[in-house]
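First to last, the protein sequences are chains W and R.
Under our numbering, think of the first position of the first sequence as 15, with each following residue one higher.
Under our numbering, think of the first position of the second sequence as 1259, with each following residue one higher.
No lab work stands behind these hints: they were computed from the structure.
Wrong hints could be hidden among the right ones.
Said to hold, decoys possible - Listed next, the in silico DSS-like pairs over lysine-lysine satisfying Cα-Cα at most 30 Å (straight line):
{"hint": "1", "chain 1": "W", "residue 1": "K253", "chain 2": "W", "residue 2": "K296"}
{"hint": "2", "chain 1": "W", "residue 1": "K296", "chain 2": "W", "residue 2": "K256"}
{"hint": "3", "chain 1": "R", "residue 1": "K1319", "chain 2": "W", "residue 2": "K296"}
{"hint": "4", "chain 1": "W", "residue 1": "K178", "chain 2": "R", "residue 2": "K1319"}
{"hint": "5", "chain 1": "W", "residue 1": "K261", "chain 2": "W", "residue 2": "K296"}
{"hint": "6", "chain 1": "W", "residue 1": "K296", "chain 2": "R", "residue 2": "K1317"}
{"hint": "7", "chain 1": "W", "residue 1": "K261", "chain 2": "W", "residue 2": "K178"}
{"hint": "8", "chain 1": "W", "residue 1": "K396", "chain 2": "R", "residue 2": "K1317"}
{"hint": "9", "chain 1": "W", "residue 1": "K296", "chain 2": "W", "residue 2": "K178"}
{"hint": "10", "chain 1": "W", "residue 1": "K396", "chain 2": "R", "residue 2": "K1319"}
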Amino acid sequence: MLDGIMTGIATALTLSNLSWVVFGCIAGTLIGMIPGLGPISAIALMIPISYSLDPAGGLIMMAGVYYGAVFGGSTSAILINAPGVASTVATSFAGYPLARSGKAGKALAIAAYASFFGGTFGAIMLLFFASTLALFALQIQSPEYAALILFAMTSIVVFAQPGKRVPSAVTLLLGLMLGTVGTDQLGGVQRFTFNQIDLADGIHFVLLVMSTFALAEAFRLFMTQSPQTEQKVSLSDLKLAKSEVRKLTPVAGRSALLGFFVGVMPGAGATLASFFAYDLEKQIGDGSLEAQLTAPEAANNAASTGSFVPLLSLGIPGSGTSAVLLGVMLAYGLQPGPTLIVEQPEIFWGVIISMYVGNLMLLLLNLPLIPYLARLINLPSKVLLPLVIGFSLIGVFLTTFSVFDLGLMLGFALAAGVLRAYGFPLAPMLLGFIMSGLFEENLRRALLLSSGELSYLADRPITFLILVASLLICCIPLWNRRFA
Amino acid sequence: MIYRSILVSLFAIGAGYILLTSQIMLDPWSEMDTINSRTLPYLYGSGLMLCAFSLIWQKPKEVAFSQRLLPLMLVCLVIVAFIILLPYLGLWWSLSVLLLLNMLVMGERRLHILFGASMSVPLVGWALVERLLEMVIPL
């Protein structure tokens, strides 16, 4: 392995490959900041450039683009509450309030450090345990996924603030219902499309997130005319105090570990990881916004790296982004899988080492930019709010190219504004929407494998454990009430 | 009153959703499945009706509507105008109109800000999206 690591270092640290990592990080960050364009779009847009490079250089640049886009997405989530991709939704829960309270620079800095920590942790884990973890990933199949998703949905309702559990269940169900719109992936039938061709592919995630978060938030700010907090950020503000580092390091550590393992499972990905980490931090953490921002950021970056485990070791793409990367590798004539490490060690190890280098570069490049980015919120609301509205609409249009979707977006934003005003939390709606298709697909696939026997779920030990855990957490509110 | 209307709407959405679920066409094999295209939607719709019903006893949150309801409607109208103009003016010119009108509605009166922001943002967007990234916008 040591030989492999040395080969990887030699490949990743050549001047040309280093330049491509820097280019990838910058391009990825800029593209990721545009609402609606996430890591998949960023990588897809860079494919023509990668073809002009050798395989190692091309893949190393793509790793930089990937990390850059994930970080860029977090920036728009924190500054204007517009998470352009699902994996940064949980970042906006704590990041945006922190930015609104006059700590935009600090929020961005924490996101950058947590991303670096998560990405580095993931790269180290990948370095040492890629082959072992790939075998573990194969044990996680449809029944386990269905149980995991059920667990995530149960916990978001159970762990909601007291008095908000039923409203959380309402919005979760609304999200699940919206997720069923479109063509049923397994049955092939159209559901709730009202014969509209625009709804045949379902409602796009970016549409829902932009309407319920960015646009609805712009409307709310306009209605309330809440006073703006002046953001004064200098480079020295980006340094965290020792006490903060002591407080946030364990948070980043446990979230990165959780995120990495979730990311290793094919199909789970950074979104589920960030929600799990955020939920966990809300339950066991100190309740500070800083910790609740660190958790999803560390988790989604570690999960992004984790998704490379099945790709590099087995040739199975673990997420949409790694599926695009698989396409790039195949176009280079590379066959990812167990043979890659033997036949082309410089590529296998080079990509892994470049992930670490990419993370470091991302941190070095983005930290100096934070004071300038944070000033965006200092714009007067009569200029900032039209810009947020414009960015949200553009984000959705560039994703779906559908005028119909823009009308739908306005309707959703107004409905979300009313629901929010009356105390219905909107985060469960997004979780429900994201999980709806995954849950149904995995549950039905599991039942197809078992010829429709529901007891099959309980026969699998991991599934059984997760289902028991879901049942147990339902008892927590009763326990709390009894001993309060 | 509004809170109750929301709950009634949620209940109605659940009921309507169940009605639409019952109209989903299934082939004979899928109908025999333990979980088919209708099963989970039935559960979701019933769950929503149940939750909305259970909230009737909860004390509604007091919401004071601000004086800015009319300007908000104007902002929505500007967005509708943007959607209508999109196929005729193209993305970037429509965006320019949207930004200009929204800034005016929200109270911005300085000409250099009005024209500067509404021209520069679409210009940067055009350069980045259509020139640098070479994306084709199908309008």
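Hints, one by one, checked against the model:
Note on W/K253 and W/K296: the hinted pairing holds, with a Cα-Cα distance of about 25 Å set against a maximum of 30 Å. For the hint pairing W/K296 with W/K256, the CA-to-CA distance comes to about 23 Å; that is within 30 Å, so the pair holds. Simply put, R/K1319 and W/K296 have alpha-carbon atoms about 24 Å apart, close enough for the 30 Å limit, and the pair holds. The hinted pair formed by W/K178 and R/K1319 meets the criterion: a straight-line CA distance of about 12 Å does not exceed 30 Å.
Simply put, W/K261 and W/K296 have alpha-carbon atoms about 15 Å apart, close enough for the 30 Å limit, and the pair holds. In summary, the hint linking W/K296 to R/K1317 is supported, as the alpha carbons are separated by about 26 Å, within the 30 Å threshold. Taken as a hint, the W/K261 and W/K178 pair is honoured in the structure, with Cα atoms around 29 Å apart against an allowance of 30 Å. Between W/K396 and R/K1317 the CA atoms are separated by roughly 35 Å; this puts the pair beyond 30 Å, and the hint is violated.
For the hint pairing W/K296 with W/K178, the CA-to-CA distance comes to about 15 Å; that is within 30 Å, so the pair holds. For a cut-off of 30 Å, the pair hint linking W/K396 to R/K1319 stands: about 29 Å separates their Cα positions.
In terms of the numbered hints stated before, the structure departs from hint 8 and from no other.
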